[in-house]
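The listed protein sequences correspond, in order, to chains A and B.
Just so we're aligned, residue 95 is where the first sequence starts under our numbering, counting upward by one.
Just so we're aligned, residue 2 is where the second sequence starts under our numbering, counting upward by one.
It is worth saying that the hints were derived from the structure and are not from the lab.
Since the model is a prediction, treat every value here as computed from it, not as a measurement.
Backbone N, C-alpha and C fix where the C-beta goes; we use that ideal spot for every residue, glycine too.
There's no promise every hint is true.
[As the list claims (entries may be wrong)] Now the in silico label distances, taken between C-beta atoms and shown as ranges:
id	chain 1	residue 1	chain 2	residue 2	range
1	B	Thr180	A	Leu160	22 to 32 Å
2	B	Lys310	A	Leu98	50 to 60 Å
3	B	Val3	A	Trp97	51 to 61 Å
4	B	Leu316	A	Ser141	29 to 39 Å
5	B	Leu352	A	Ala148	44 to 54 Å
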Amino acid sequence: MKWLELLQVAGVTLFSAVTLVALYSLGVRLTAIAGDAQQKAPGLLRSLAYACFAVCGAGVLFGIYLIVPYFGK
Amino acid sequence: MVALVIALALFFDFTNGFHDTANAMATPIATGAIKPKTAVALAAVLNLVGAFLSTEVAKTISGGLIREGSDGIHITPDVIFAGLMGAILWNMITWLKGLPSSSSHALFGGLIGAALVGIGFHSINFETVLQKVILPAIFAPLIAGGVAYLCTRLAYALTSRHDPETGDKLTQKRGGFRTGQIFTSSLVALAHGTNDAQKTMGIITLVLIAAGTQTPGSGPQFWVVAACAFAIAIGTYAGGWRIIRTMGSGLTEVKPAQGFAAETSTASAILASSHLGFALSTTQVASGSVIGSGLGRKGTSVRWGTAGKIALGWLFTLPAAGIVGGLTAWLVSIGTVGVVIASVAGTAAVLSMYVASRQTHVGHHNAVEVEEAGQAVRFRKKKKSNKSKGAQL
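Chain B extracted, bound-state conformation:
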């Protein structure tokens, strides 16, 4: 059972990397700052490195979310198995539907649902859930969005050039931001490694603790860190090919200066939170930044319909994954037969969704999650004279 759960956890890690490459690397590829192949390889390597950097988030998950050991409550590998099942299935569903959802919240939802059904109401440390998951989930995107707004304003203000005598607009020459984007998007990939790879490490550590091979409250072991780092890196690399294939038809209108500001805010927010052990959703932070930086440009307005759809996705992820996790926990509690049924049903569901995804057209809506956030901001149509490339870069 322990081996099964670890395998499942690593698969979750893989889907996580698969899901999120686009968030970091889509904009620099779109603005032509970096070649697609290089971008994807870079993202994979930086995810790998990021995973080794910090283990604070892993500790949040392995020690605190679910009351383990001391209070006499034993969380079993069964419960974690159920939780992961919920997370992976929800991840696959949202990926198929092109909903911008958070892998992290799917994971938490699944685990919480599984623990509620498998152990009982008292098993969840609601205070920790509120403080380390719910609050950051609400505030991190807002913080990132606000900062991105300010940064975009700042970047444009600092680089806007007017002729001192006539007051005419000079060529802006903002091409330097394009090069800068290579670095900022790399930072986002690194930050992704420090936060998202940690979550799987936390889960595997939790399993090891539950199985009694590791003392409660200790951090992840080295082989766990290494395995997770590689799983997310491989997932990132695999996921990248999908973006490259779909990059042809153009992306949301993001200017290099804007992308630079958004990415800097995203990376700062995620790295700062990782350091304090907040497990937040990189997808949501990135979405917040993209919307914020879009608003920072002159003459933009928010498409509230699309923004509302994103918010709805945030709200639904926790309970939906929780329900799947709870159902699996109930199946598992029946006995070995239940475990077999759950595994087979889960594998079948994942496979069928994969097959379905091959048949449907792969477009931006399911390749780039942040795309949705980019759509939430409406840009004013520019006058024709401004549309020449030189004026905007």
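So here's chain A without its partners, still in its complex pose:
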């Protein structure tokens, strides 16, 4: 039945979009904090932020990897 597939689409959409947005927002937040003047360890925060962006990018690539039938076999 297609209802299941529809539910699947909804679930996947929700999960992937929320994950990506959360990660990216976290990255933005961390860069913002790192930019604050009184911050003691801007380097650490900045690298954490970049890690967030990197995981985010990796997530996107993984998603595309899942879709391409060429890799699926």
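Once you've looked at the hints, dock chain B against the given chain A.
The following block gives chain B in isolation, referenced to the frame of chain A:
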């Protein structure tokens, strides 16, 4: 006849790309995240790549929508010709009128109408139509809208900064989302390629099957995939210039964080559906996301009038394109004379609409389909102190 239909199908693909570039690239251009020229070129390339990625949607169209072969019903290239005619004409009309309509539904409507008139009631696989076209059409925008709403809330919650002692608002520094938008809008363009280019591939495959050069139930051939990919990419590139020309006067108030959330939801929804072979309308999903993310911002309300207009457009597209498709099918059934009349009338209609479009002022209403969706959400007027750029980015 087969060659004529393939040419017509590729033209449809071109108009499809032409129609939809704006959906993906309008927001990043508007927020200044990316230069217009680069954006359009990027969209074209990613559409090209996306078209090669998956062929699930093409299979839905070529095998299932119309019962072919096995039950003794032969769908002929004539019927597909009529269907495409309906789709292209409706596409041009809505483009001229600035209605946010779905190229995909125009295509399905045209085909269904043509098959009903040309072959008969029994030719349509209504179960597949319901499950793979109607249901996704209703639910995909709702899903995308809901997810976009949540994502916008999340993005704002995660990045809102308050002073821990005084509780005052700090500078929000949401500029990072602007860079992010380059990637998300690229994803939307890619997703568009995986869904919309597939539809034309499905049609051409259907023609080849109908003409007997390909076995029923098989997927699209490589040259078909390549041709469709290039047609949509060229259409995207050509369509982009119109947006650039009209971008001067400002777009719907979309903040980078909001655009980011909306685009991520759109891309996820389309890619997930493409993978399962749901042929859905990218325009509608994008509209759903824009409305959803608009609601996710504080102090917004929906303009139900505009939203209703969008919904009406959704409802009308299938039957309207179906009627044109049916009429063409009736003309074609007369014989060669009918085919000639249909082709000439169709070409004349397309040309005259193109000429008419040159004379009317090109504004956002007919360049950016999602614009309509953006208008459906009313934003609360901000206080003057908040209006400085630093506070919002």
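Between Lys310 of chain B and Leu98 of chain A, does the beta-carbon spacing fit 50 to 60 Å?
-> Violated - the Cβ-Cβ distance for Lys310 of chain B and Leu98 of chain A, about 33 Å, lies outside 50 to 60 Å.
Starting from the range 51 to 61 Å, see whether the pair Val3 of chain B and Trp97 of chain A falls in it by beta-carbon distance. Taking Cβ atoms as reference, Val3 of chain B and Trp97 of chain A lie about 38 Å apart, which means the hint is violated.
| Range agreement (Cβ of Leu160 of chain A with Cβ of Thr180 of chain B, hint 22 to 32 Å) | holds, 25 Å
Practice item. Please test the hint of 44 to 54 Å on the beta carbon pair from Leu352 of chain B and Ala148 of chain A. Key: holds, 51 Å
Range agreement (Cβ of Ser141 of chain A with Cβ of Leu316 of chain B, hint 29 to 39 Å): Because 52 Å falls outside the window, the suggested range is violated.
Violated hints for the displayed structure, listed by number in ascending order: 2, 3, 4.
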